[in-house]
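Chemist: Sequence:
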Amino acid sequence: MPHISFTTNLLDFIARAPTAFHAVSSVSDILADRGFVEIQEPSPWKPLPPGAYFIRRNDSSLIALTLTDEKPALTGLRMAGAHTDSPGLKLKPIPGRINHSYLQFGVEVYGGALLAPWFDRDLSLAGRVTWQDQDGAIGSSLIDFRRPIGVIPSLAIHLDREVNKNRSINKQTDLVPIVMLMEEDRLPDLNVILLEQLARQYPA
23 MPHISFTTNL
33 LDFIARAPTA
43 FHAVSSVSDI
53 LADRGFVEIQ
63 EPSPWKPLPP
73 GAYFIRRNDS
83 SLIALTLTDE
93 KPALTGLRMA
103 GAHTDSPGLK
113 LKPIPGRINH
123 SYLQFGVEVY
133 GGALLAPWFD
143 RDLSLAGRVT
153 WQDQDGAIGS
163 SLIDFRRPIG
173 VIPSLAIHLD
183 REVNKNRSIN
193 KQTDLVPIVM
203 LMEEDRLPDL
213 NVILLEQLAR
223 QYPA
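All letters in the sequence shown, in the order written, are residues 23 to 226 by our numbering.
Hints are computed from structural coordinates only; laboratory data are not their basis.
One thing to keep in mind: the hints can contain errors.
[As the list claims (entries may be wrong)] Now the in silico label distances, taken between C-beta atoms and shown as ranges:
# : residue 1 : residue 2 : range
1 : K114      : D144      : 17 to 25 Å
2 : N121      : Y75       : 46 to 54 Å
3 : R79       : Q154      : 22 to 30 Å
4 : N31       : V59       : 18 to 26 Å
5 : P94       : Q154      : 27 to 35 Å
As the structure is a computational prediction, the values presented were derived from the model and not from experiment.
Ideal Cβ positions, reconstructed from N, Cα and C, are used throughout, including at glycine.
Modelling step: build the complete structure from the supplied sequences, incorporating the hints.
Modeler: Below, the structure is given as structure tokens:
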């Protein structure tokens, strides 16, 4: 049925688009499959013939357009807009810390997020990483762990008897995901973790 196909495609897109970078990449693939031609924004533009085009900026925003040979003054201009990003938790520049033998990642709230639903659920990690190879060339790649790596646990009710009454959430102290139990007070190198994930996603 058409609505089932639409729902399936929507859920598949959401799964492939955990960040704005992934959303733009997925939409770009969809547009290219439908005959849209990508225009490079930094290059000089010439008058475009009728057709379907799209432009990416910073790999986190996108404009798609179709041109006809009709005059806009006669046919009008139709425009629609949407977000590519969504509220979430973003890693701080130096996220790792060890607290009572637990490795935690410091995060900051991005956007107008509902905070309560972030507790007691599997959390993963995705985004864009910038790297430098052995020859000094700089590049960037999308990364998506696609598996749980952390959780923000709620306190047991006997430790917070007022949790069901006027609950307030401190973004700095309450929203700190636990990643793993540590046997020693030595922070793992996040760069190494990211490199290992890149190697899994993009095998040579």
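Chemist: For every hint, state whether the structure bears it out.
Modeler: So, going through the hints one by one against the coordinates:
A hinted range of 17 to 25 Å holds for the C-beta pair K114 and D144, which are about 21 Å apart. Between N121 and Y75 the CB atoms are about 51 Å apart, so this pair conforms to the stated range of 46 to 54 Å. Our hint of 22 to 30 Å for R79 and Q154 holds, since their Cβ atoms are close to 23 Å apart. Take N31 and V59: their Cβ atoms lie about 23 Å apart, and the range 18 to 26 Å holds.
Between P94 and Q154, the C-beta spacing of about 45 Å breaks the proposed range 27 to 35 Å.
Checked against the numbered hints given earlier, the structure breaks only hint 5 and satisfies all the rest.
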